[in-house]
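Each chain, written out:
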Amino acid sequence: MSPKEPGEFPEVTPGSEPDATDNLPENTLPVNPDALQPEVIRVRQGMFGTTGSGDTSGYGGLVRPVTMPGGTPRPYGGWFDEFADDFGTGLAEAGLPHAVEKVVVHRGEITLFIRRADLLEVAKLLRDDPKLRFEFCSGVSGVHYPEDAGRELHAVYHLLSMTHNRRIRLEVTCPDGDPHIPSVVPVYPTNDWHERETYDFFGIIFDGHPALTRIEMPDDWPGHPQRKDYPLGGIPVEYKGATIPPPDTRRAYN
Amino acid sequence: MTTTENTTRNREYDDPYAPSSHTDEGRVFTVTGQDWDSVVTGVAEEAEERVVVNMGPQHPSTHGVLRLILELEGETVTEARCGIGYLHTGIEKNMEFRSWTQGVTFCTRMDYLSPFYNEATYCLGVERLLGIEDEIPEKAQVMRVLLMEINRISSHLVAIATGGMEIGALTVMTIGFRERELCLDLFELITGLRMNHAFIRPGGVAQDMPPGALDQIRDFIALMKKRLPEYAALCNANPIFKARLQDVGVLDLAGCMALGLTGPVLRSTGYPWDLRKTQPYSGYQDYDFDVVTWDTADSYGRFRIRLAEMWESLRIIEQATDRLAGLEGAPVMIGDKKIAWPSQLAIGSDGMGNSLDHIRHIMGESMEALIHHFKLVTEGFRVPAGQAYVPVESPRGELGAHVVSDGGTRPYRAHFRDPSFTNLQATSVMAEGGMVADVIVAIASIDPVMGGVDR
Amino acid sequence: MGLEEKLPSGVLLSTVEGVAGYFRKASFWPATFGLACCAIEMMTSGGPRYDLGRFGMEVFRASPRQADLMIVAGRVSQKMAPVLRQIYDQMPDPKWVLAMGVCASSGGMFNNYAIVQGVDHVVPVDMYLPGCPPRPEMLIDAILKLHDQVQHSKLGKNRVAEIEEQETEALSALPTSDMKGLLR
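Protein chains in written order, with our numbering: chain Y, 1 to 254; chain V, 1001 to 1455; chain F, 2001 to 2184.
It is worth saying that the hints were derived from the structure and are not from the lab. Every value quoted in this text rests on a predicted model; they were computed, and no experiment measured them. Just so you know, not all the hints are guaranteed correct.
As the list claims (entries may be wrong) - Far from chain Y by the CB rule (all over 12 Å, computed), these chain F residues: (1) Gln2066; (2) Glu2167; (3) Ser2177.
To be verified - Which residues of chain Y face chain V? A partial, calculated answer using Cβ under 10 Å: (4) Gln45; (5) Pro97; (6) Gly108; (7) Arg151; (8) His154; (9) Pro189; (10) His194; (11) Gln226; (12) Asp229; (13) Tyr230; (14) Asp248.
Each residue gets a CB set at the ideal place from its N, CA and C atoms; glycine is no exception.
Model the full structure from these sequences, guided by the hints.
Pasting the structure below:
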């Protein structure tokens, strides 16, 4: 968890290149079969902050890859299949066959990984298509995976269809070196402040946003605080007879 | 008072409280106090010029530290913008350095008028990731519903009280806080704290109901049934109240959907969207209550909705109390030892909450239980990797926690979709074109809590 | 009421400092500086059950220029700190500051980039009140202790001497982390 742990991990690209999708039957969500592997985001080495030769617990040699749930193969179960078919039809009609990188169905929730170039079109489709009708967007949430090269910054959109009483999640990734994601404010004006907040905290620049400025931090604040490489800040606290360092520099018990 | 021309700095003195600002068009009048006369004469000279006024962040009527930047033409607001972030606490980042259970103590302080809702949405998200949604004991579910509904009443009371105070109805403030004390007494009895209780935890709730709690809740219900009509009698047909609130802050259904507003604002347009009914959680589908709507989409409608929702909450509390009466001795925390320790706590001889039985068990009888207790306290439980979003219907709208886990004992990312943050975007739409006094009323009808807005 | 009946021969003797202190503390107007959760508890103390009106303090002045006491109730973020200082500077002398809650006293549980770790980094504080949030009774206790302090503070030359004495004491005080033997 703490930034000081080193991370080297095997190359895994859950597939942003479209291929082998032409052979799939019609009206299916075109998804790369490689995307079915669990996504390794980092490899944890050691535990309890043990380093060096003084470690007698043996936990210093622990190596554990950290994986997020990978893509789910069809059938998804429940209403997800019907939704995926309608969505696939809509995408094909809109001329966006490769918009979806991966579909994850986990704990009863469906997450669609969308290519960032197609995000605006996909959002418009999801909002306007009468079988989909996801007219309510709950907001953008940013997540930073610093060791997942090329896919460091994720922007997560939660969509709600009040007509059909359904929820889905869209996830868009972008690399640290090119942190641009098209803004969905033209489609969902409610994301105005949410995108400003995600920019403020992660540095993701939303292209097409009417006024992308800092919203929570002071206007001239350097850095983007909720990124993993930004320290928590904080000062050591003095107690009677002891000084306790701030939480991110303390010894971790996990 | 100083005026700044477009790009030049013509000043005879340097005012430390009003540094020069550079604007691209128009004249900016910087008001620092004691110079209202010169402002008025200055504005009168250029009748078609506008005044930019800063309301807040320290202001008695802005519901907390909200900064409103208003461009006024006389008394009419031509442009209204919100400046937020004056209460930003970095709670979400702080949660990444604490265990999952400790995260509850942090998220509880976001929307400080409805702490149980913050805790509930976070715990529901964590429970969904753990996959234990169906194993939460029934008594824990009922207690969660009970506490959330009492919280709804106390939050609506503050909304009505502060809203009344802001328009000058000070009696509403006094009686609102008087009733709120009854709610806080119940909280103190059940959870131990008046505010910011870290009581709803992943797996259930922290403690069982104390003896005598059900009687006190029933007394509370009876007393509230006599007290709530006072608000209606004082405000509903009051001509001044109606004149201040009717047709102020109008936002129709299309506006609400575009701007993503939920809660009483959305229900005041007539659309009965309530997550307790449409996407129930914590057993809400087993309770009998109605979704309150109004049809005028203005501040008066939202006020009436809040009053009526308090009555509906009383109904739910009554049903929850009856169910609790039949659940004596039932567990309130999940039985899985790797997630939570048993919560049959009692007050020990030193006044601290301890369970002597539990301590005797872990110290004397079972090594495994001691290890579990130790690991839970120091390390915390592990949550499988993934993400979850389980929204609840807080008094202000849809409150959801997007919880991301990387398989560890700490949240990898916990982002809260706060209703006040989203609802406050409607200020410009509601305020522009109206008068300055209506801005206050419109914001009061949205009922933002700046702790939730800024987090 | 009835003070004049208790006086022998109807004459009351006091000191200028005593009378001035009494007047200052008896009508001690707070400035509204409620920020977060502590602000709600502050409003409740002004409410009917815990009544600050008994002490002449129910009147929370919106304008700092008419206030004596600034109760900093809640967490002060980095963005809010200059505003806090500005309000403090706008208050006329004599003024007092009460840091209500742990967030105002020391940053509280939020030891991070966004919160000022104690408002004494920004304004001089006369009374620290811990609690998260402090109960209204605790707030009233802190206010009464502050009233005591106000009642017994000196005037004129004595005041200058008092301030100097307090400062030398504070400068030579033992830092908290060096205070040993008090952990239990």
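Hints, one by one, checked against the model:
1. No Cβ of chain Y approaches the Cβ of Gln2066/F within 12 Å, the least distance being about 29 Å, so the stated non-interface status holds.
2. Residue placement check: Glu2167/F keeps its beta carbon more than 12 Å from all beta carbons of chain Y (closest about 21 Å).
3. Its closest Cβ contact with chain Y, about 4 Å, brings Ser2177/F to no more than 12 Å, contrary to its assignment away from the interface.
4. Taken as an interface hint, Gln45/Y does not check out: its beta carbon lies about 14 Å from the nearest beta carbon of chain V, beyond 10 Å.
5. With its C-beta approaching chain V no nearer than about 26 Å, Pro97/Y sits outside the 10 Å limit, and its interface hint is violated.
6. At a threshold of 10 Å, the smallest CB-CB gap from Gly108/Y to chain V is about 7 Å, leaving the interface hint in force.
7. Given the 10 Å rule on beta carbons, the hint for Arg151/Y is violated: about 14 Å separates it from the nearest Cβ of chain V.
8. Hint status for His154/Y relative to chain V: holds, with the closest Cβ pair at about 9 Å, below 10 Å.
9. For Pro189/Y, the shortest C-beta to C-beta distance to chain V is roughly 5 Å, which falls under 10 Å, so the interface hint holds.
10. A distance limit of 10 Å between C-beta atoms decides the matter here; for His194/Y the minimum to chain V is near 7 Å, and the interface restraint holds.
11. A distance limit of 10 Å between C-beta atoms decides the matter here; for Gln226/Y the minimum to chain V is near 5 Å, and the interface restraint holds.
12. This hint is violated: Asp229/Y has a C-beta 12 Å from the nearest C-beta of chain V, more than the 10 Å allowed.
13. At about 8 Å, the closest approach between the beta carbon of Tyr230/Y and any beta carbon in chain V falls short of 10 Å, and the interface hint on this residue holds.
14. Annotation: interface hint on Asp248/Y holds; nearest CB of chain V at approximately 5 Å, less than 10 Å.
Violation of the numbered hints given earlier is confined to hints 3, 4, 5, 7, 12; the remaining hints are satisfied by the structure.
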